[in-house]
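S.K.: Taken in order, these protein sequences are the chains called A, B, C and D. Residue 153 in UniProt numbering sits at position 153 of the first sequence, with consecutive numbering throughout. Residue 207 in UniProt numbering sits at position 207 of the second sequence, with consecutive numbering throughout. Residue 188 in UniProt numbering sits at position 188 of the third sequence, with consecutive numbering throughout. Residue 484 in UniProt numbering sits at position 484 of the fourth sequence, with consecutive numbering throughout.
No lab work stands behind these hints, which were simulated from the structure alone. Keep in mind that a hint or two might mislead.
The list cannot tell twin chains apart, which means a pair is met if one copy fits it or any two copies do.
As the list claims (entries may be wrong) - Below, in silico cross-link-like pairs of lysine-lysine (BS3-like), each with a Cα-Cα straight-line distance of 27 angstroms or less:
1) Lys135 to Lys157
2) Lys135 to Lys185
3) Lys184 to Lys135
4) Lys185 to Lys228
5) Lys82 to Lys184
6) Lys157 to Lys184
7) Lys185 to Lys82
8) Lys228 to Lys238
9) Lys238 to Lys82
10) Lys185 to Lys157
Because the structure is a prediction, the values reported are computed rather than measured.
Protein chains: 4
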Amino acid sequence: MSQQTELMAEADDYFHDECGVFGIFGRQDAGAIVTLGLHALQHRGQEAAGIVSYDGQQFHVERHAGLISDAFTRPDVIERLKGSRAIGHTRYATSGGGGMRNIQPFFAELADGGFAVAHNGNLTNARAVQRVLQKQGSIFSSTSDTETILHLVATSKERDTNARFIDAVRQIEGAFSLVALTTKKMIGCRDPLGIRPLVLGDLDGAYILASETCALDIIGARFVRDVKPGEMVIITNKGIESRFPFEPVKSRFCVFEYVYFARPDSMIEGRNVYEARKQIGVELALESPVEADVVVPVPDSGVPAAIGFAQAANIPFELGIIRNHYVGRTFIQPGDSIRHMGVKLKHNANRRMIEGKRVVLVDDSIVRGTTSQKIVQMVRDAGAKEVHMRIASPPTRSSCFYGVDTPETAKLLASRMSVEEMADFIRVDSLGFLSIDGLYRAVGETNRNNETPQFCDACFTAEYPTRLVDHEGVDNVRPLTLLAAGA
Amino acid sequence: MSQQTELMAEADDYFHDECGVFGIFGRQDAGAIVTLGLHALQHRGQEAAGIVSYDGQQFHVERHAGLISDAFTRPDVIERLKGSRAIGHTRYATSGGGGMRNIQPFFAELADGGFAVAHNGNLTNARAVQRVLQKQGSIFSSTSDTETILHLVATSKERDTNARFIDAVRQIEGAFSLVALTTKKMIGCRDPLGIRPLVLGDLDGAYILASETCALDIIGARFVRDVKPGEMVIITNKGIESRFPFEPVKSRFCVFEYVYFARPDSMIEGRNVYEARKQIGVELALESPVEADVVVPVPDSGVPAAIGFAQAANIPFELGIIRNHYVGRTFIQPGDSIRHMGVKLKHNANRRMIEGKRVVLVDDSIVRGTTSQKIVQMVRDAGAKEVHMRIASPPTRSSCFYGVDTPETAKLLASRMSVEEMADFIRVDSLGFLSIDGLYRAVGETNRNNETPQFCDACFTAEYPTRLVDHEGVDNVRPLTLLAAGA
Amino acid sequence: MSQQTELMAEADDYFHDECGVFGIFGRQDAGAIVTLGLHALQHRGQEAAGIVSYDGQQFHVERHAGLISDAFTRPDVIERLKGSRAIGHTRYATSGGGGMRNIQPFFAELADGGFAVAHNGNLTNARAVQRVLQKQGSIFSSTSDTETILHLVATSKERDTNARFIDAVRQIEGAFSLVALTTKKMIGCRDPLGIRPLVLGDLDGAYILASETCALDIIGARFVRDVKPGEMVIITNKGIESRFPFEPVKSRFCVFEYVYFARPDSMIEGRNVYEARKQIGVELALESPVEADVVVPVPDSGVPAAIGFAQAANIPFELGIIRNHYVGRTFIQPGDSIRHMGVKLKHNANRRMIEGKRVVLVDDSIVRGTTSQKIVQMVRDAGAKEVHMRIASPPTRSSCFYGVDTPETAKLLASRMSVEEMADFIRVDSLGFLSIDGLYRAVGETNRNNETPQFCDACFTAEYPTRLVDHEGVDNVRPLTLLAAGA
Amino acid sequence: MSQQTELMAEADDYFHDECGVFGIFGRQDAGAIVTLGLHALQHRGQEAAGIVSYDGQQFHVERHAGLISDAFTRPDVIERLKGSRAIGHTRYATSGGGGMRNIQPFFAELADGGFAVAHNGNLTNARAVQRVLQKQGSIFSSTSDTETILHLVATSKERDTNARFIDAVRQIEGAFSLVALTTKKMIGCRDPLGIRPLVLGDLDGAYILASETCALDIIGARFVRDVKPGEMVIITNKGIESRFPFEPVKSRFCVFEYVYFARPDSMIEGRNVYEARKQIGVELALESPVEADVVVPVPDSGVPAAIGFAQAANIPFELGIIRNHYVGRTFIQPGDSIRHMGVKLKHNANRRMIEGKRVVLVDDSIVRGTTSQKIVQMVRDAGAKEVHMRIASPPTRSSCFYGVDTPETAKLLASRMSVEEMADFIRVDSLGFLSIDGLYRAVGETNRNNETPQFCDACFTAEYPTRLVDHEGVDNVRPLTLLAAGA
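Make the full structure from the sequences, and use the hints.
M.R.: Okay, here's the thing in structure tokens:
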């Protein structure tokens, strides 16, 4: 395995969230404001971004690879995004692969005017719907599941935009937090289970839709409320209207947003993410106590849980692993002479904090295990007397089909090993995962309601809350009797 | 002031170190290894990098703008850097401005073969020497002070390379940690005061010279020792030789390397940087205690001192300010409507950790004060009951002429305000700086020896340890009676 | 008017053909062969090019701005175009504007497999058809008229590909020479009037479709025959099949292809283009004789007619105007001081051949007249005693709607001036255009059959051979009683 | 041999001139005017260009790869070239290889101010001089022979600029037409033999120095006179001064400038280049008559001689070979299947003008012969009954060391074959070269004065008019008894 492959493997050894969405209606320089909102949502996707604005006459579309702070800070790009209404999207490549044509928002000139849509989540029946549409003559210009929504709106027989939009979203299944823009409206919509977040904000009277509250904070906008699971909000010049086009079901928000995806300073359904993570550390210290000299977070995502763990366990919290801030996605070294050097591109042990000590490493999750293995080895090489790994979530055993880029189930370490085997594999003195009930407690529940779980936790439990039409035969998907509305 | 200007101003509101150097002699794939070493030294300079290798026949030169992980990971670039000896340099634009021609290492074909040199530090008499050389017919192809060294070697009347090199370094003044490569040798040299760091390492028998130990760690090389102030080490096929070409003086290492520049995991002259910073936090808590509910670091540089402060003061350490990891160097928003929004591109207060609390903010230094002002305002907006700022260094009152990019003295807040005025300016309830003796204590001294200070602390004291030939008449430079050797 | 504007105006002062198409079926390295064919057709469009290949499993699409010799000679691009069947297109931006999404061939995954189409010509009812399709839910991803064809095929209710293709082409009007590629077939089709050329070739048993014979010559392919007006040829593994899906009408090939567009070495409908142009010069010498010392072509397009003129008039042919081979499309000079210098970026008079002489200038056409004006002035400044302009075509009075980029009618000099006025405008001693009958004679007819003209000559006569559905109300379009089939 | 290699070989099968120089002193927008002058000299070098301007305070330097119409038409580039004095250079890579650092003009800050120099020609003792300078400590930043001149000026012990410049040019040998710019002056200088051209022009009172008169024509400047061989002209605010710093020798202008390099519309030493070429065709028709049906030029360089030949021989002149205007420098086709197709990227026979005819092909020279071979084969494949090749110069047997990029002598076909063998090699029915006396007659002499030849014709005769210090031992260089001054 070349160094590059190793680093790519390392990049593959994390979960990736895939999308952030942001829209504003009725505010001068809407395009520029959307760049700021997307910048605050950059942690939800770094591969590409797009913005569509409407100036009352025309739609303007900009799509660029890379970070917001790359292309979207060029004055010519911002100036082309004229108008007081705009929606945007930042993505980590998920369903449909890369390529400029897959960058959202998707836009089309429909018979009754332009229509743009941005989507956080993933549909589980997009391929099936697409095949039907193609037979009727629809031509797809991308490989993204989101384009399906556009064609459903375009081919709907309903008269007005709202009805066509409802017609469309009733035919799709999976996770979707959508923001759409037409010549008259901005529409927000969450799937009936509310798997992905979507919040409503207000900037001096202009409505905002955003994936997380941190995107409101960056521009000093006021948090109004979460868009509700299954809710569709329609924002026009006259104000906001709320509809519930789906059959009501109990919501199941993605619990992993608390563990890893969301930004620590965001508030989700009334909970502060940083505080949830610290509480996870507290629960973990209670469930898996250990005698040790130092608590060391695996940077950066393990930090809040490590702080919680250290406080609960009354063990000093120290930066025993230092992260190189300048790691890009690829780093190639040819030549066998280097390949076997065990190069530490991303992290380095801070030997003085490690040597001769009993170390508790706190990380958010274990995906394939290879990164954990390396980190443990690095900490041992730095002279640790004992290494105890504590993971701020239950073992991740199943793929996500709702908008998180996960390896196929078989590549997840926890899908093929017991905790003891995993401890051996990563070579730690002890390994502890948070229990599923511990996780539910950390986010405010008393425990998991196993009949009707309060969250989507399919990555831990393989209990998928929707049908998986496009994935039948894939992996070890359990048949579900309890299906989401819209099915 | 536009948003861009603000961010630039914010970028100006930090100190910048300027260079990292790295060389290896006698190891296959030397060019690739230097890329790794420079990657580990990336915090010392992000604007551009260069590598010169020698394959026994020919020198190969690559210079590129940007991060190591950009151009220097392209296989064609690495493959062109043939040979088992190579030196490299990563830079933050300092003396001489930008431009490809200023990217180091400098290389020239001299009468007796190729000669390459990479320099961390800054010369204080380069312009004066350059004028003399130009009168003799030397043509300068860059505006860098480092090129002067090359011409001094080229025009030296001495016979052999070592003597010519010594002839050259005896004529220059200021801060210099040099790594040079010829057809036969790799040479390392620190100025007599040892202002900038330089360490010697070993990788399976191949010698390494590097600015910091973290560049040894990345490739698993062994730390041998610091190159001594005033020492010149000559590495050839036959081994290593040490010389001391300068008149001996007491060393004065840059104390700010401990405060801010060096990487926390590096060991400098026997001290761990992270530990020094934590100890700074401890001293600060002792010198400037305060009753508070939470200790919040200004990310990322304030973290170690904040941990130390929190432990010493027994106040909880919390991530009350969240940093956006994706901030580039420029972020432009046109339009007045946005300019006045107080956009928070870089940081966001984590309101839940702040609201209703007495907050101690810990930062490493105050440069112009505008960034501190904004951060304090952000924390107040998030509902802090009290805001107390604690700074992990004494007030910075004077420009650095030894390789750190500082604003002119007049722009340094501490050069024109008392601590009370500064507290008013940044609007805190209390403001505390570490004392100069406290700083010396944190790095292991009992106090500052005011007769012959153990470190260069000119940025705090304006006591420059060398003549400032090129800067006469600049700022409020005090005449010095005690001059460095080589003068 | 700035120099740039002037040069742009000059670029606007020529007619531009817009497309070349090329396809090959059943030959190893089909993608690479298409690059060669398009290179030979580069004179038909220089702005962008695209190639679609099919390897029996998958279609591969490459679209790039610029010349074939730019992007399409990169090995990675060629290597991605796997397979033994490929079609390509080179374009001058016409209908639909620029942008990557308008680069042909267009490709879509239809319900029964991939479908690619490349189009030379221009449809006159594309907008009308598009509006109907949009109402049915079709989403257009470009602004090109060609995409309409793709949607007509996609939405056709017919069963098999041939029938769907026929269904589609029967609904379009205007000029179209099409090459399409499916998983089983390559299809060629010319509109019933055969306005644009399309030839059939053979390379060691592999069929080729190409706009001109010069694209066969470049690879040593054999010319088989012209595809007939209204003919559809279907090429499969089993051979070639010919169909005539349109109601038969008398053909009307674009006569301007002979005057200007086609390459001199191409054979079109049995005539050599160079010979036709020389014969035009001969006819012109007979129709508009003049006593003179030298015949000077306006390079490069005026050369063949000037040779014919010189031979017929027995006046020496000389290169009295030298062309700069290195003129790009834009050349900017700021500053008033230069704007008024009358800079000769493109041509220079060869004074020694001009001074004191009676000069006959031969050019192919006059569009806006500003270029002619400048050239005449340049020749006068070089000392010509008399300047006589002879134009190798009749006055161009009307816009083309069949795939040639012409200024709107009002900007054509001949639409608003008599020949005498034009002579005054460009300041020549005499001005002669070829008569329409002279042009017909030069290309082998005895004269123009005014009842049923043998060619499309609408640019000279405003007699458009089809309806102009999308252009109603535009310009001075005469109603036509004789319509093309397919209407 | 791959197709790419073939095309590169084809590119190698022509001679390349290497430089054009242009300067203007005392005219607003001097930088922009230099771009125009260089554009007119683009045929003398297409690889890169540079301009240095002086605004009375500062020098401004722009160097860019590619054509003038690429980088030098960008407004930001032009705007940076402030000032009323500027010199420029366009180059084909010659001595010293490629790379940005070899792009001229060379510029340095010398002790008495900035100094820029641009050079057409090639020095024959640059390496020898460079070695001496390096021993004295000069550092070369390029591999160009021209940089030597800069160092000679920099290290000269003379007091004033003129004397230092004279000191420098007296030490160099070979071909040099120089244009230099200082804070006070523009200096032009031709080597004592006047091997390369240099003319003086006037634009409304501002002096111009340029390689050819066509660069005066483009901006409507007046031709004043040729700078004389061995002359140095010094242009200041006060006017122009002329000096002759070299020992006088009989001039020997490069006769190949008439044959191939110069633009047809330029006047060189009183002769029009186009007319000289036509006269070459006339002489060729007289010396090597042939019965034929058609005279066909090999485009584009063979056209004027073909016109002369056709007129003298009274055989029709026809464009029997059509050139593709869009050939770039590289065109890659992988795959054996294409390599052997004999692809005609650059030219195509115009079969109708060739078939069944006795063809006289007229070309300017034969370098390696491979291109001629291909062209002849192409003409035979098009059905020519007989093919007679006539070459508008004597056989080229020796390399040029004066600024023309020629293959080493051994690769020149004429250096190893008789005319009969060459005729066999390229497979023509007859082959005729112009005699050396015929060439001298065509350019106005009665014959070659073999004692003291009127031109440099070393490429035909191997009689080099200077020492070849750097090339001793290279090729079959004859010792010369008659040396140029400056030696």
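S.K.: Within, between, both or neither: how does the pair Lys135, Lys185 come out at a Cα-Cα threshold of 27 angstroms?
M.R.: Between copies only: 20 angstroms across, 31 angstroms inside.
S.K.: Treating 27 angstroms as the Cα threshold, decide for Lys185 and Lys228: within, between, both or neither.
M.R.: within (19 angstroms within a copy, 52 angstroms between copies)
S.K.: When no copy is named, should Lys238 and Lys82 be tagged within, between, both, or neither for a Cα gap of at most 27 angstroms?
M.R.: Within one copy only: 21 angstroms inside a chain, 55 angstroms across chains, cut-off 27 angstroms.
S.K.: When Cα atoms must be at most 27 angstroms apart, do Lys157 and Lys184 count as within-copy, between-copy, both, or neither?
M.R.: Only inside one copy: Lys157 and Lys184 sit 20 angstroms apart there, 35 angstroms across copies, limit 27 angstroms.
S.K.: Checking Lys184 and Lys135: alpha-carbon separation at most 27 angstroms within a copy, between copies, both or neither?
M.R.: Only across copies: Lys184 and Lys135 sit 19 angstroms apart there, 31 angstroms inside one copy, limit 27 angstroms.
S.K.: Treating 27 angstroms as the Cα threshold, decide for Lys228 and Lys238: within, between, both or neither.
M.R.: Intra 21 angstroms, inter 60 angstroms, cutoff 27 angstroms: intra-copy only.
S.K.: How do Lys135 and Lys157 come out at 27 angstroms by Cα distance, when the copy is not named: within, between, both, or neither?
M.R.: both (17 angstroms within a copy, 10 angstroms between copies)
S.K.: With identical chains, the pair Lys185 and Lys82 could be close in the same copy or across copies; at 27 angstroms between alpha carbons, which is it: within, between, both, or neither?
M.R.: Classified as within: same-chain Cα gap 16 angstroms, cross-chain 45 angstroms, threshold 27 angstroms.
S.K.: As a check of your reading, is Lys82 near Lys184 (CA-CA no more than 27 angstroms) within one copy, between copies, both or neither?
M.R.: within (16 angstroms within a copy, 46 angstroms between copies)
S.K.: Check Lys185 against Lys157 for me: Cα-Cα at most 27 angstroms, and say if that holds within a copy, between copies, both or neither.
M.R.: within (20 angstroms within a copy, 35 angstroms between copies)
Checked against the numbered hints above, the structure violates none of them.
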